[in-house]
Amino acid sequence: MTVPLPKLKWMYEQMVKIRYYEETMVAVYAEGKQPVFNIGAGTVPGEMHLAAGQEPAAVGICAHLQKKDTVTAPHRPHHHAIAKGVDLKRMTAEIFGKKTGLGKGKGGHMHLFDPHVKFSCGGIIAAGIPHAAGAALAAKMKGKDSVAVAFVGEGAANAGAFHETLNLAALWKLPLIVVIEDNAYGISVPKSESTAVKTNDRRAAAYGIPGVYVEDNDPVEMYRVSEEAVDRARRGEGPSIIEIETYRYLGHFQGDPEIYRNPEEVPLLRKKDPIHRLITLLEEQSVSSGELEQMEIRARQEVDEAYEFARNSSYPDPAEALEDVFHRAEVNV
Amino acid sequence: METTAERMLTGNKAMAEAIAQEMERDPNVFVMGEDVGKYGGIFGSTEGLLKKFGPSRVLDTPISETAFIGAAIGAAAEGMRPIAELMFVDFFGVCMDQIYNHMAKIHYMSGGSVKIPMVLMTAVGGGYNDAAQHSQTLYATFAHLPGMKVVAPSTPYDLKGMMISAIRDDNPVVFMFHKSLQGLGWMDPIDAAIGPVPEAPYTVPLGKAKVVRPGKDVTIVALQMMTHYALEAADRLAEQGIEAEVIDLRSLVPLDRETILQSVRKTHRLVVVDEDYRSYGVTAEVAALAAEEAMYDLEAPIRRLAIPDVPIPYSRPLEQRIIPGPQSIFDTVVKLMEE
Ligand SMILES: Cc1ncc(C[n+]2csc(CCOP(=O)(O)OP(=O)(O)O)c2C)c(N)n1
Ligand SMILES: [Mg+2]
Numbered sequence: 001m002t003v004p005l006p007k008l009k010w011m012y013e014q015m016v017k018i019r020y021y022e023e024t025m026v027a028v029y030a031e032g033k034q035p036v037f038n039i040g041a042g043t044v045p046g047e048m049h050l051a052a053g054q055e056p057a058a059v060g061i062c063a064h065l066q067k068k069d070t071v072t073a074p075h076r077p078h079h080h081a082i083a084k085g086v087d088l089k090r091m092t093a094e095i096f097g098k099k100t101g102l103g104k105g106k107g108g109h110m111h112l113f114d115p116h117v118k119f120s121c122g123g124i125i126a127a128g129i130p131h132a133a134g135a136a137l138a139a140k141m142k143g144k145d146s147v148a149v150a151f152v153g154e155g156a157a158n159a160g161a162f163h164e165t166l167n168l169a170a171l172w173k174l175p176l177i178v179v180i181e182d183n184a185y186g187i188s189v190p191k192s193e194s195t196a197v198k199t200n201d202r203r204a205a206a207y208g209i210p211g212v213y214v215e216d217n218d219p220v221e222m223y224r225v226s227e228e229a230v231d232r233a234r235r236g237e238g239p240s241i242i243e244i245e246t247y248r249y250l251g252h253f254q255g256d257p258e259i260y261r262n263p264e265e266v267p268l269l270r271k272k273d274p275i276h277r278l279i280t281l282l283e284e285q286s287v288s289s290g291e292l293e294q295m296e297i298r299a300r301q302e303v304d305e306a307y308e309f310a311r312n313s314s315y316p317d318p319a320e321a322l323e324d325v326f327h328r329a330e331v332n333v
Numbered sequence: 001m002e003t004t005a006e007r008m009l010t011g012n013k014a015m016a017e018a019i020a021q022e023m024e025r026d027p028n029v030f031v032m033g034e035d036v037g038k039y040g041g042i043f044g045s046t047e048g049l050l051k052k053f054g055p056s057r058v059l060d061t062p063i064s065e066t067a068f069i070g071a072a073i074g075a076a077a078e079g080m081r082p083i084a085e086l087m088f089v090d091f092f093g094v095c096m097d098q099i100y101n102h103m104a105k106i107h108y109m110s111g112g113s114v115k116i117p118m119v120l121m122t123a124v125g126g127g128y129n130d131a132a133q134h135s136q137t138l139y140a141t142f143a144h145l146p147g148m149k150v151v152a153p154s155t156p157y158d159l160k161g162m163m164i165s166a167i168r169d170d171n172p173v174v175f176m177f178h179k180s181l182q183g184l185g186w187m188d189p190i191d192a193a194i195g196p197v198p199e200a201p202y203t204v205p206l207g208k209a210k211v212v213r214p215g216k217d218v219t220i221v222a223l224q225m226m227t228h229y230a231l232e233a234a235d236r237l238a239e240q241g242i243e244a245e246v247i248d249l250r251s252l253v254p255l256d257r258e259t260i261l262q263s264v265r266k267t268h269r270l271v272v273v274d275e276d277y278r279s280y281g282v283t284a285e286v287a288a289l290a291a292e293e294a295m296y297d298l299e300a301p302i303r304r305l306a307i308p309d310v311p312i313p314y315s316r317p318l319e320q321r322i323i324p325g326p327q328s329i330f331d332t333v334v335k336l337m338e339e
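So the sequence lines, in the order shown, correspond to chains A and B.
Take the numbering used here: the last position of the first sequence gets the number 333, and nothing is skipped along the way.
Take the numbering used here: the last position of the second sequence gets the number 339, and nothing is skipped along the way.
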């Protein structure tokens, strides 16, 4: 199958944007944490889970989504957020803990909410799956043809919420797609030591729904199987599971000593980089190197502007900590 | 005379040593949890155990908290002595049924015929901008529910001694360790996270608070990070001529009522400091105890410092606003002394 050229270009530009966003974050996160790493110090404190290498999962399916469709993401959410079209400036400001952020600095990198494009994420493993099912249920009740996508890591497929939700979604034929990013590890634990089946698409059989496994971090194959799953959901035929073999180039979180994996692993993975593969495909369709460069410049510029915006924004006033617990009400202290 | 230099350990190494010594002593003790093997626990609580005891007694689990905590209960009922790690206490939401409806109640419901000798260890605390789902202590949430002991040690010495007591205890014990007091290389270095720890196994009783600084003017009751902040505040108060007595609770269930009351009867003033939400919490419990049992010994109203009833915000100035610290403790005591 071939991806229509405009979609292929879109995927390329998004992947470049995501990669550059994450690489920039590596540097920004390190600010103020040297020479001694201290998780609570620096420009961006707290945990930081980056997704460099995992771009195909996000762009392959988001290429089929519209604003009306819902996406929920886990603790490693930047690639999904970018592919879904989350406001990059306000997202970055949120990660910097600034007042102009999506959550006015209250949420942080694991808790990004952009209702304009129906995006949310959270730090509790598998918790987003039922939320996506709920969005799918709402669409169904309102008679809309929108769908919901829940992104999770392969580790989340062992959580109760995953199984409970898939049964419920299959039973109610909800327009839900669960995308499992198999990056081979849940923190330090390899998939083979956490999961009784080799691939999680097999688990679809337990709920009588389709399940597919995309090998080798392939953005084009991801695009293809996503089209089927999204169309099926839009037609009202129910949920499906897509698992994609993907690669986590960086640590589980920044500062991860990565004692659990062979140092040679990542350089080998990087050799198969999905961005390079897309470049080859685009060149085959006679996209000029000039145009590719333009796309890259545009993507980088957007990212740079977002970081600039975040840096230049101010911190919230400490008193704002007491606001927003309830809708338009303040806490009495 | 024999002089031995005191051996200093970080909190995490003290915990891991306690577990290792108990595993050597009793073949029924084993550990399971996420990343407790090769990684040695995200907060170092199981460092070195896999190497020493192998994967049959140090089990990395899937991200299936209901399954492995429930399995710890089942194994404990069969005479094993499991230690299950819930990586962050904040994750209790996915497995609380096993904890409070089963682990905590089976002994009672069975009329004492089934015992559940297990330890549920879990990391608590904020202050490093990990936001709303990774920064809570939830002390009171656990302490509220009958049937499980709940302890929260504040020093490497107590981490080791109380872990050994917890493992040997025939009851389920929720063992809360504070992330900032583990002495981990990637967190803010804190002096209190390293301290003298004897090598030979020893126990520190569960259910006993400790007067960590004697004083005559005011009692400050605290636990974990708040104990250390209270000590900092007490140093500064001393410069102002105010002698604060600081009590480290160490244990929430059982609560050492006697130590608290004795101190209040001596100082006649009470401040309670907590890193948990304010309403229905530890501060309210201690204040109620003083009001019920030592009302006429008090010369001023009881003061409480805790997290106002808001989720923990991410941004640094917001988080600093809501977690009590040495300054807010100092200010509160100074004001109280004027009353
Ligand atoms: C309920 C729950 N348990 C444990 C954790 C701690 N935790 C955070 S990320 C993670 C590993 C997740 O692995 P996976 O789902 O494969 O996602 P990846 O990090 O590889 O993207 C764990 C165990 C959590 N956040 N929530
Ligand atoms: Mg994973």
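Derived by calculation from the structure, the hints in this document are not laboratory data.
For each residue, glycine too, the CB sits at the ideal point set by N, CA and C.
Some hints could be false.
As the list claims (entries may be wrong) - Over the 12 angstroms line for every Cβ pair with chain B, so calculated as not near, a few chain A residues:
#  : residue
1  : E13
2  : E47
3  : H109
4  : A127
5  : G143
6  : E154
7  : D218
8  : V287
9  : I297
10 : E323
11 : D324
Stated by the list, open to error - Computed Cβ-Cβ distance ranges for the label pairs, DEER-style:
#  : chain 1 : residue 1 : chain 2 : residue 2 : range
12 : A       : E193      : B       : G185      : 21 to 27 angstroms
13 : A       : E308      : B       : G185      : 31 to 37 angstroms
14 : A       : Y315      : B       : D97       : 22 to 28 angstroms
15 : A       : P115      : B       : G74       : 55 to 61 angstroms
16 : A       : E258      : B       : D170      : 25 to 31 angstroms
17 : B       : R7        : A       : K271      : 43 to 49 angstroms
18 : B       : D309      : A       : E23       : 46 to 52 angstroms
Claimed, not checked - Below, simulated DSS-like cross-link-like pairs (lysine-lysine); rule was C-alpha separation at most 30 angstroms, straight line:
#  : chain 1 : residue 1 : chain 2 : residue 2
19 : B       : K208      : A       : K272
20 : B       : K266      : B       : K208
21 : A       : K33       : B       : K38
22 : A       : K198      : B       : K51
23 : B       : K51       : B       : K105
24 : A       : K198      : B       : K38
25 : A       : K67       : A       : K198
26 : A       : K271      : B       : K216
27 : A       : K99       : A       : K140
28 : B       : K38       : B       : K51
29 : A       : K67       : A       : K33
30 : A       : K67       : A       : K144
31 : B       : K115      : B       : K208
32 : A       : K198      : A       : K144
33 : A       : K173      : A       : K142
- request: Against the structure, test the hints numbered earlier, and report the numbers of the ones violated in rising order.
  value: Per hint list: 2, 3, 4, 6, 10, 11, 14, 15, 16, 18, 19, 23, 25, 26, 27, 29, 32 violated.
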